[in-house]
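Visitor: Under numbering that gives the first Met the number 0, the first residue of the sequence shown is numbered 0, with each subsequent residue one higher.
Hint data in this document are derived by calculation from the structure and do not stem from the laboratory.
Please note: incorrect hints may appear among the correct ones.
Distance condition first, Cα-Cα at most 27 Å in a straight line; then the derived DSSO-like pairs of lysine-lysine [claimed, not checked]: (1) Lys222 x Lys550; (2) Lys550 x Lys507; (3) Lys566 x Lys550; (4) Lys422 x Lys439; (5) Lys550 x Lys589; (6) Lys222 x Lys150; (7) Lys507 x Lys439; (8) Lys422 x Lys286.
Predicted model, so just to flag it, every value in this text is computed and none were measured.
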Amino acid sequence: MTNSGLNRRDFIKISVMAGGGLLVACGGSSRSRTANNPDDNNGTPPTVAEEHIIGEFMRIATDNRITVLVGATEIGQGALTSIPMIVAEELDADWSLVSAEQSPVAANFNNPYFQNLLQFTVASSAIRGYFDAQRSIGATVRQMLINAAAKRWDVDPSSLRTEASYVFDDIGGRSASYGELSSAAAEEDIPSSPSLKDPANYRIIGTSPQRTDASDKTDGSFKYGMDVDIPGMLTALIARPPRFNGQALSVDDNAALAVPGVQSVHTIPGGVAVVADDFWAAQQGRKALQVSWNELLAGRTDSESQRAEYNFKLNLPGVPIRSDGSTLLAQLQANETLSADYYFPFMAHAAMEPLNVVVDYDGSSAEIWTGTQSATLDKVFAGVVLGLLPDQINFHMMPAGGGFGRRGNPLADFVRDACFVAKALQQPVKVIWTREDDMKGGYYRPAAAVRVSASLNSADEITAWTHRAVTQDVTASLYVENALDALHDMELPPLAELTDFETGMPYKIDNVTMDVHLTVLPNMPSLWMRSVNKFTDVFAQETFIDELALKVNQNPYTFRRQLLSDKPRHLAVLDAVAQAANWGSTSGVKQGIAVMGHWNSFVAQVVEVSVSAGRELTIHRVVSAVDCGTAVNPDLVIAQVESAVIFALSSVLFGEILLDDGVVQQSNFDDYPVLRMHQTPIIETVIVNSGNTVGGVGEIGVPCVGPALANAIFTATGERIRELPLSRLNFIIA
């Protein structure tokens, strides 16, 4: 990725902490270098934004301790470790003295991947978004510390070096800690173009120090949104309509108010809130509540009828998103054309920490605490609901116990609900969604139908490929990652790449056509989910490639190799996983393979299974090879891939949200299972170090697991998997 090109004085801000030390603001729009000096603004008083910037800093204390404030949400992926590692690398800091905190919600911490417009932790954008900016910050502060030492010792700055939070003058035989130099460094001019390290000289990036949050998570002191507890705080649960977009018609709250501990009942746009002293009282009060719902405009989505509609649309041309060569002509000239249809149901995010928001609103200002992937937009919606300006809201971005996209809702549904309750109360309140609330009334991975076809000539070569997807309209308006990638590199994307629906199909095929139907379902809430449309589209693509390989009597691995001759990074991970999994040489188990590239990263995965005569499926091992360019922390990359494998297997094996006349049938882990420990296979991960620009890792481990598993099942049973979940196909998961 390229540098964002921000003006240096817009990019960082330096000031001195009370009692000494250095404050460094990352990003921002103020041109004042010293935040507490009004003279820097030509005698005019500082603006509200400049006053608020005091709390938005990387802090270097006089005791040499460094605190890095992280703009990406910690949702388990290790943002509180990897982003400080990037800063510490260029800063030449002593890692043992570096700690991390979640940043405030402020423009200074907006993600460069989103053009510095949003504080957004989605699309595997945490590291690849913040990497260049954080390197530049570390290098800038390091140079300012060197310059301060050079003035102190009256030497040329180029004669000095840094290491482990010290500046050394080897000729003069002296040194000074960053803490000692911090106040003087704050007076230095901000370097216009600090030199960055040659990656060959990295000391921190590429290593695997312990996570900064490991100790607190181990002893239970790590604070999630659910752990927030402030004086005078009440707890609220919301009774929601059985069908989406239903509205409360009449409310009988007498029985609810009779429950000990219940304080009040309030009708809000999302339902009816029961406010109580604690969760138990709120839950009992909600059970006692009597609500009649107006469902005239409510959603009536039905899974079976929707599936029939999607399958019908597969027969109709859609909106073209890719057109290479002349597919129709190639099909007419082909010896044979094969096709396959696939169907994927709605799926739930099912994060372990249920949604929760704490709001303390007094009528003129508010403090909000929540674990969110969409902090900027959440704060905007909170202001709209509460009638407050941004500087009247102190928004605390809390770490979250999983997100998978659910906490990245651009419509801020769970924050809006909490603000409506707080506005009615005007005292501190925690609004909690139980897992049942979210499972039955949340947002879902959109259902999809996919048709792929391929034409073969007399030499058994693929001469044409078509891919058609039918899915929900929300995906067209939200999946714009390819456009963002191109904009970040200051390049105009091809028209075909303005939507993320193009699968990134890498194979060497001259004639390719892809199109999509965007179904409008205004009363069926859907949202991106870990790996977005790649989960469905790559499943169809990679299982069908396997089918073609066997059709022409070729090994699926070598067949892919031939079609990837001009894709070196795809080939590298494909070869690496084949070697690590001992492809084709295992006994007693069957193997399946799949490969893809996206989010500036590449992955190939092999799944090993056995299937009994009674359809008992045992998944023995999943081997992954990942090229994410530069692995900032290899252990975190491996952990991300391991979690992605478990997430993907849970979805492929069990994930299914069914609707009957608009009512969701699943409610919790009893009828929407996730992978249990005894079902979890051995997971092995190989990192392929390409040295390229950093790529994303949070999503990349998901899409290939399903097709590799399906390909292995075919090898074991001869049965093609055309729909999910596997539990619907009567497999018994051992």
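Visitor: The structure should be examined with respect to each hint, and the outcome stated for every one.
Guide: Hints versus structure:
At roughly 54 Å between alpha-carbon atoms, Lys222 and Lys550 are farther apart than 27 Å, so this suggested pair is violated. Our distance criterion of 27 Å between C-alpha atoms is met by Lys550 and Lys507, whose separation comes to about 18 Å. For the given pair, Lys566 sits about 23 Å from Lys550 by alpha-carbon distance, which is consistent with the 27 Å threshold. For the hint linking Lys422 to Lys439, the alpha-carbon distance of about 25 Å falls within 27 Å, and the restraint holds.
Under the criterion of a C-alpha separation no larger than 27 Å, the hint pairing Lys550 with Lys589 is consistent with the structure, at around 18 Å. Annotation: proposed proximity of Lys222 to Lys150 is violated, straight-line Cα distance about 43 Å (limit 27 Å). Our distance criterion of 27 Å between C-alpha atoms is broken by Lys507 and Lys439, whose separation comes to about 43 Å. Between Lys422 and Lys286 the alpha-carbon distance is near 23 Å, which keeps this suggested pair within the 27 Å criterion.
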